[in-house]
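Visitor: Construct the entire structure; sequences and hints are all you get.
Residue-level listing of the chains:
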Amino acid sequence: MKVGITVIVQNLASFPLHQQQPLPHLTVTRILKVKQRPRQLRRCHSRGLGTILPNTYIISLSRCTLVILHPPLGTSIRMEAETIPIIIMAILSNKNTGGYPTSNYSSHPSSWSDNSYGSYGGYPGYSGYSATDQSNAAGSGAVSNAGQYQHDYQPQWAEYYANMQNNPNSSTDTNSAPGTAPTSTPPPSYASVVAQGTGTQPVSANSSQPPPPGTQPAWQPNNQPSSAASQANTTSTKVGSNWDPMSLHASQADSYNHNMQSHFQGGPPTQNSMSKVQSQLSAPPGFQQVQISQSSQVQQPLKQQTQLDVPTSHGFQSQGHQQMNSGISHWRTSKMQIPNNPRIASNLGMAGKGSFGMEGGPKPAYISVGSKAGKLTSDDVTDATLQPGMFPPALRAYVERALSRCKDEAQKSACQDIMKEMITTASRDGSLFTKDWDTEPLFPLPNLPSASTGKDATHRGMAPSGGMKMQSSPNKRMKSRWEPVGDDEMDDKHTLGNRDSIKDSLRDRHKERDGSASPPKWEKREGLWNKSKLVQQQHSAQSNLGKRTRKVPKRGRRLGSFNGYQAVSSSESDEEVEQIGGVTLGALTTAETPEEKKRRQSRTKRFDRGKETTGGAKGVGKGKAGVGGSATARRATALQLAMTYGDGNGRAVEDIDWDSLTVRGTCQEIEKRYLRLTSAPDPSTVRPEDILRKALAMVQSTSKSYLYRCEQLKSIRQDLTVQRIRDELTVQVYETHARMALEAGDLPEYNQCQTQLKGLYAEGIKGCINEFAAYSLLYIIFNHGNSRDLLSSMARLSRDARKDEAVKHALAVRAALASGNYTSFFKLYRTAPNLSPFLMEIHAEKMRFEAVKCMARSYRPSLPITFIARSLGFMAIEGGEDKEADGIEECEEWLKLHGAHLIFDSVSNESVLDTKTSATTLFMPEPEDAVPHGDANLALNDFFARS
Amino acid sequence: MAYGSIEGQKRLQDYVNRFIDALTSQNGTQLSALLAITSSPFRDAVGSALDLVKDPSRIIKQVDKHAPLGEMLGHHIRCMQAYRHRRYLDAYNSLEKSANPFLQEFRNWESAWAMKALHTVVFELRTLAELADREMANNGKVPDKLKGAGSFLMKVFGALAGKGPKRVGALYVTCQLFKVYFKLGTVHLCRSVIRSIETARVFDFEEFPTRDKVTYMYYTGRLEVFNDNFIQADKKLWYALGHCDPSKDANIRMILKYLVPVKLSLGILPNEWLLRKYHIMEYNDIVQALRRGDIRLLRYALQANEDQFLRSGVYLVLEKLELQVYQRLMKKIHLIQKQKDPSKAHQIKMDSILKALKWLQIDMDIDEVECIMATLIHKNLMRGYLSHKSKVVVLSKQDPFPLLSGKPCA
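Chains as they are written, first to last, in full-length UniProt numbering: chain W, 1 to 947; chain H, 1 to 410.
Everything labelled a hint here was simulated from the structure, so no lab data went into it.
Treat the numbers as computed from the prediction; the structure is a model and nothing was measured.
Ideal placement from N, C-alpha and C gives every residue a C-beta, glycine not left out.
Where hints are given, some of them may not hold.
Said to hold, decoys possible - Derived contacts from chain W toward chain H, CB cut-off under 8 Å, selection only:
1) S792
2) M794
3) S819
4) Y822
5) T823
6) C854
7) M855
8) R860
9) L863
10) F867
11) S871
12) K896
Guide: Dropping the structure here:
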């Protein structure tokens, strides 16, 4: 699977991804801008759109890092974006594979939920959607099924090209139409991402085959209802292969908007981009689409769909190919204010067409995807042997760069011939994929008599001066402050390629700066700003700024999505329902502040009650469907609630009586793996108290490794927590775990337990309070030595506790440590009660070293090793001969290891420490079990043993 | 009833008139007196008036003509009323509602004329928060008002800490914040405030009012004690002592409570009259133990005052004096030895040390004694060496017991 990605994010000119990471086709569909804090994310409006391609996946860019998650590949790629608080929503698509199997998708639900930008639904329900979609299409009078579509597309292309060639006007339009139009207020920052996927896109100019539909991004200017003429123009140029770019974006934006709405009702108006979904299938010659798109009939059915299938982006994968053709419909949100449906978009994507969509936000949105519509005509001259989708993205970019230099058709075709040659050669010698096309110098332009100037002029008849300017002085273009110098220079030298144009577009957020590199043209008309950008030769992208619709029928939408849930839940298997829930919740929580997350998490708890009741009623095990259904309903309610209370009213949610909502587990398994909850707990996997008691007994008696026991205890703790059980069993569990952790030297885990125990004891629950008070003291003494903590925990000891042997011992240890009295320390070490030795052991090494240093400095001339061994706890004071010998030997080794000089004293017939020389040579050796990550518990071997 | 209402209105009107007066004449002192609650001449009058007047808002609205503080005053008199009825939680809540608009308005005033009033509000906020917390704890609720007051004070600090004339008032708020944090046991929160005070080069520390400087040094000195940084602690507490109003015995006593242990650990012992004068006789035994090398007395003194020392946080400091007491003891043994046998003055047998300890009723075996001697030598409290074979401490002939004299024990 060949992929390429070019991402440009503000000051991080281009992601390293470009050359290094194999990725499925990535296209950015939507860019969100955030100012400073993540909180503002919710307020941000979608700024731009990109292409949508089939089988899209989501990429999200969190505050500073772009995370691309690609479940089928199982990879997630993070890219640091320095400090830009930008969020990019992107969609990965891979057309070659033609859609990932559902299994892939569903197997990564959690990851999705992590990364999804927030859409309501799950993927299931897609089928339902497509059905409706088709019916819509039918309603509009032009529906084609998959088979048809595939057959159709060639003719369409042909038609399109013909059109292009025959109709100069239309071609001009194409040129001018695509692009993004900034609204009046330029955003302070924005990012544009362009991705090119070879797999999906017929990159090369050489390919004789009509490009797969999916590859063509269409930019549709739909936000200007007023300018019918312009629309007509654009539509005509769009021809069959275009769909509405906006649909995907819009849909994404929409889902995003939902999100925003749900939580920020007070927020800025969500933007409704006016998007139309054009059915290419329906219109083989593509011209009809215009009418269709403008017919409002379509919208009504669509509206419903929209509501049903908000979560499209997720859904598309499960669909497979069948649905590729399904979605062709037109949206006009502008009038209807229909929330955009991501589903539709993905459908479209499935159909195999990429569309570049632009969403007009309340603020200007940009997409800097240049599509070289102008070259489209020449693209059909291609090499039949080369399959589209076989080229590396870099090559495509290269071709674009090359073509973008051409001034007219003749030149273009000459270029194409040259490139065809190059590519055939390259593919023959195998360097097609190995060559670094990004740095490959462009061949000199073929010198042709440019008889086509006039033609060219007509081509650009409507092109704004900006475009011309750019072309006339490409090298003098303003430098984007976001792009790195080196990169820039290189690009300047050779190319005015795609990337350049993108970068240019970055600069163009102010309309006065309109302009784009090379062929891309910018069109300005009164009341309508259209920028056209040419991304790839065969892409014509057209976009209009979505008209800002300030009022969104929130209620309807909310209900719609609510309905959507139920519909989904009824139509899908339980498992998927569960996943939907997960996805939904995950999605909802993305890009939220921690408090928000927390609040929402607590909200999700509501579901469990419902689950519990249904689950309980139906009995364990068999009632899954019921559980799922009710859970879904719950979730829907929660969503609704979340929406209702989303902004400012969150407190109402907090007032809910959690007691009545607490989970009661029904799981009867004693053993359970620990998995950190990412969603609301499912009662069927939570064990009730009596089972937990058995589980604890099992753990206490098992002879398995600490790692196993630790995991079991953690899952017990989790079950206790989610059921809010805080009694003596809880104390026992934590005490057991704390003891085991101590034995295993797992201090972090011990500390967690200790903290919990402190709280539990404070509530008056009985347990081994004194024993743990002693551990706690020792832990503080040895581990952070903060005298204030020590003082407060000492002050907290009750009279009673101070009489306890363990506590007394701990206090004595503290005193010994404070005065540096190693003799008494090691005496106490030997007599330590309970598990205290394990804690003292941690400090023993340090104490020994300090002691030897002290001895070496104060004793002269020598010190017998037996004395040292005795003082430093290497052997018991009263012990057998053997033991003593062992201790001495151990001590001797230890001393040697720490750089001590030992000499044999013939008088006393034993080794003695030469104190004077040792005083300067003592050192602390590196701990043997040191691991790079600092936690020996995470050692690789253990990890493997565990899994 | 009617009469009472009229009387109440009159009193309220009087209060509001004064308030307006103070606002228009920008009289910070008068405003401060009007806003005081715990020790206010107006509190009872206004509070009782409010009991009588049904709708005070008409009178209070007059304030809005001069500054948008009508809302603030409304809450403020409610606070007075609640305080008068000993409903401290309500009083605190009202005060917080009143403090917010006041701070808002204070931000808008260019000059710092109302600094005193703001300080009063800050002080009352903290005091009432403590009272409210006590009330809440008694009612079985989780007290969180002092914490709330802490975050509000932080806001006030933010309003003052910048450049300009208002900065002078920042240290007062800092000190109030210290009080809150020390009370809450969240002293780590002090760090950010300290940083902002100490790193600001725009404003010289000496320009702050002395009262605030002393308080500030006292608290930061205490923090240094927690960090075992005795030299810094000594410096700060010494500064506080030096600038403290000599007539304020209670304050001096508070400073000495920390300064004495710090000085002790640096080897500087106080006169008994000082301890007596400022009622810190709990240190007397410890000082005596240090003078005499009486390890038993030290242990006794520590045990007797354990709770107190633990609470004030000097226990660990005092405990470390043990080595100094051993040093003193060795010195005494050395002197006796010198009198008995000058030729062997520098060789002290372990046995004699053991004997001395036994006489002090300290039960110790010879290994431990060796260990203590080794530690003394190691920490440079004693010069010489130990001979394990012959069980003798050999002291250096030159200055065998070096004084700490201001340096902390290594």
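Visitor: State for each hint whether it applies.
Guide: We went through each hint and held it up to the structure:
{"no.": "1", "hint": "S792", "result": "holds (7 Å)"}
{"no.": "2", "hint": "M794", "result": "holds (6 Å)"}
{"no.": "3", "hint": "S819", "result": "holds (6 Å)"}
{"no.": "4", "hint": "Y822", "result": "holds (6 Å)"}
{"no.": "5", "hint": "T823", "result": "holds (4 Å)"}
{"no.": "6", "hint": "C854", "result": "holds (4 Å)"}
{"no.": "7", "hint": "M855", "result": "holds (6 Å)"}
{"no.": "8", "hint": "R860", "result": "holds (4 Å)"}
{"no.": "9", "hint": "L863", "result": "holds (5 Å)"}
{"no.": "10", "hint": "F867", "result": "holds (6 Å)"}
{"no.": "11", "hint": "S871", "result": "holds (6 Å)"}
{"no.": "12", "hint": "K896", "result": "violated (20 Å)"}
When held up to the earlier numbered hints, the structure conflicts with hint 12 and nothing else.
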